[in-house]
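Student: Here is how the chains run, residue by residue.
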Amino acid sequence: MTNKKILEIENLTVNFDGFKALNQLNFTMDAGELRVIIGPNGAGKTTFLDVITGKTQPTEGRVLFEGRNLQRMAEYKIARLGISRKFQTPRVYLNLTVRENLDLACNRNKNVFSTLLSRSSSLERRNVVSMLETIGLEAKANLQSALLSHGEKQRLEIGMLVAQSPDLLLVDEPVAGLTDEETENVGALLLALAESHSIIVIEHDMEFVRQIARQVTVLHQGSVLCEGTMEQVQNDPRVIEVYLGEKPSITSHQ
Amino acid sequence: MTVAPKSLKRNKQRKLIIEGVIILAIALFLALVMPAILPEFRLKLLGRFLALSIVALGIDLIWGYTGLLSLGHGIFFALGGYGLAMHLKLQLPPGEIPDFFSLYGVSELPWFWKPFYSFPFTLIAIILIPSIVAGLLGYLVFRNRIKGVYFSILTQAALLVFFNFFNGQQKLINGTNGLKTSTETFLGMLAGSDEAQLVFYEFTVLFLVVAYLLCRWLTSGRFGRLLIAIRDDENRVRFSGYNPTGFKVLVFAVSGGIAGVAGALYTVQTGIITPSFMDVAFSIEMVIWVAVGGRATLVGAIIGTLLVRFGRTFLSEQFPGVWLFFQGALFLIVVTALPKGIVGWMGEWGIDKFPSLLGLRKRVITYQSLEEDPEVQKEQEEIG
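Those protein sequences? They're chains Z and G, same order as listed.
Under my numbering, the first sequence has 228 at position 228, and the numbering climbs by one with no breaks.
So my numbering is basically just the index in the second sequence, starting at one, shifted up by 1000.
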């Protein structure tokens, strides 16, 4: 893996009418890294993804993806640059089959007229088939995705992200509401994908974080509280304080 | 696993062939048999209703598939109608202008009438002008990510603007009196005569088939699936790298063009076009046809239109005065009992249950959890 930075975020501030969802946040990530972001509710994790994907415009600061400034770019353009995002709740097209869901995601040319006039190439169809295998839904390929279980939908959505052949995957709480077995499946899937992609995972479930995490970043009140391996982060007194509130006294930085 | 199972492909082809044969049979029946067996009055009604079902197809495209409820299709419908009516009005000896102008002291033909002397221009304009108006309106609305109820309200507001404008412009298009076409000559025939009406009827059948095939083509394949994706989760589409605005503008423009053709065909078969074609209630009625027939089923749009319209004719002949109550009740019944419309209900419930109602059963499922499990089925297939 090269040490090229895939994502650099400088002094990012998002101000919602006086409430700073993100506050002077700095963050960098190497290409090929699997990074887990944790943090208590309201720490700004989802806003962080919103800014990267162009859903929210930052008040200050900038986001560089592979050296390119993403400011004022529309969501679909950012997606075409190679950032794909999974939402908290599984968002797949319920009225389409599993195969059709993947086919839409892996379409190489997403203009109006090429979507209308061109047929899916054999390369794209092969991609769809291999993606079906990766996410373990071959048998249900022609099933309407509304009929999938919650865990299968999560895997399908991750499959859709990867089918876009992105460089950076943003995954927001992939195991919320899953059974233990499904959680394991999703974890294994993410680890397999990390071989060839850079991934940011946002997660609450500490068991799951322990399963997949190499590098962990802790967000708190819109800024990075600390960064390091799971071990380091777990033993950091500031993290313990934020999560467990061991010292409920009001300190100067609050 | 093979890339595309051969049996699946063959199945698809067979289905397409069957569909084509059915369409052809229905079209030939409408075009050849109906004129022979129906009295002229009924045939004329059928022709008008078929024209209306063309606009229903357009609404199904934008509402049923793309999820945008347009309450302003009357605009595009009327624009198409006015286009053809203006051309008919200009079938005059050189130097003369349509007689209504003299009532308002207009002695020179307004500039925008002049291109309508040309028949080819009129044909293009009937499709293109509504498309352009729809495309422009759509672009302004969709670019700003206006959707849902706000889109519906905006289209209705636009409808009112057009309605009031056409109503007030006596000097340009005869205002509220509209343009009468039945007394004009068209291709050497009086437009109101039976021969001309038969020609219009045949063209209506032709354009209905063309519009159906166009919608069928647009809604099948990747483009159609993307429309459904936009309907179901537009943000997901955006984050997948598609720009929904372009797709929605194109579909809205196509839908407008289809409505324009329908309006032109309806106008010549009605014999007059007035701004009342842009009545709010009429545009809402168009939506009801699609809802009754079944959203996102193209056939449903046609069936719904014919059913509601013929129902209206029948009931207003039998019980004049109470038709509107029936129409309201019909809409209530469809919304509460058949949310997917008649065709949607048939597909979901009827096809499966009808045979068992008749005492025929296709297959007994012993262990549903096993026999309907795709994983088990796949294993079975692989084993042999």
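These aren't lab readings, by the way, just hints derived from the structure by calculation.
There could be a bad hint or two in this list.
Said to hold, decoys possible - Computed spacing ranges between beta-carbons, pair by pair:
#, chain 1, residue 1, chain 2, residue 2, range
1, G, I1018, Z, S122, 52 to 58 Å
2, G, L1028, Z, H150, 46 to 52 Å
3, G, I1146, Z, A176, 50 to 56 Å
4, G, G1311, Z, A74, 43 to 49 Å
5, G, L1140, Z, T229, 51 to 57 Å
6, Z, N26, G, K1009, 51 to 57 Å
7, Z, H204, G, T1336, 40 to 46 Å
8, G, S1007, Z, N69, 37 to 43 Å
9, G, I1132, Z, G228, 56 to 62 Å
10, G, I1132, Z, S196, 45 to 51 Å
11, Z, D180, G, T1336, 39 to 45 Å
As the list claims (entries may be wrong) - For lysine to aspartate or glutamate, the following EDC-like pairs were computed, each having C-alpha atoms within a straight-line distance of at most 16 Å:
#, chain 1, residue 1, chain 2, residue 2
12, G, K1378, Z, E138
13, Z, K55, G, E1379
14, Z, K55, G, D1233
15, G, K1378, Z, E207
16, G, K1147, G, E1234
For each residue, glycine too, the CB sits at the ideal point set by N, CA and C.
Student: Is the distance from the Cβ of I1018(G) to the Cβ of S122(Z) consistent with 52 to 58 Å?
Tutor: 28 Å, violated
Student: State, for the Cβ atoms of S1007(G) and N69(Z), whether the hinted interval 37 to 43 Å holds or is violated.
Tutor: 51 Å, violated
Student: Can you let me know if the beta-carbon spacing of D180(Z) and T1336(G) is within 39 to 45 Å?
Tutor: With Cβ atoms ~42 Å apart, the hint holds.
Student: Take a quick look at whether K1378(G) and E207(Z) sit within 16 Å of each other, Cα to Cα.
Tutor: 34 Å, violated
Student: Starting from the hint 56 to 62 Å, judge whether the C-beta atoms of I1132(G) and G228(Z) obey it.
Tutor: 60 Å, holds
Student: For H204(Z) and T1336(G), compare the CB-CB distance with the range 40 to 46 Å and indicate the outcome.
Tutor: Holds, at about 41 Å.
Student: With 43 to 49 Å as the target window, see if G1311(G) and A74(Z) comply at their CB atoms.
Tutor: 47 Å, holds
Student: Does the hinted range 51 to 57 Å hold for L1140(G) and T229(Z) at CB?
Tutor: 52 Å, holds
Student: Is it true that I1146(G) and A176(Z) lie within 50 to 56 Å of each other by Cβ?
Tutor: At 31 Å between Cβs, range violated.
Student: Would the pair K55(Z) and E1379(G) pass a check requiring their Cα atoms to be no farther apart than 16 Å?
Tutor: Violated, because 44 Å separates the two Cα atoms, which is more than 16 Å.
Student: Given the hint that K55(Z) pairs with D1233(G), does the C-alpha gap stay at or below 16 Å?
Tutor: 15 Å, holds
Student: Quick check: does the Cβ-Cβ distance between N26(Z) and K1009(G) fall within 51 to 57 Å?
Tutor: 54 Å, holds
Comparing the model with each earlier hint shows violations of hints 1, 3, 8, 13 and 15; every other hint is respected.
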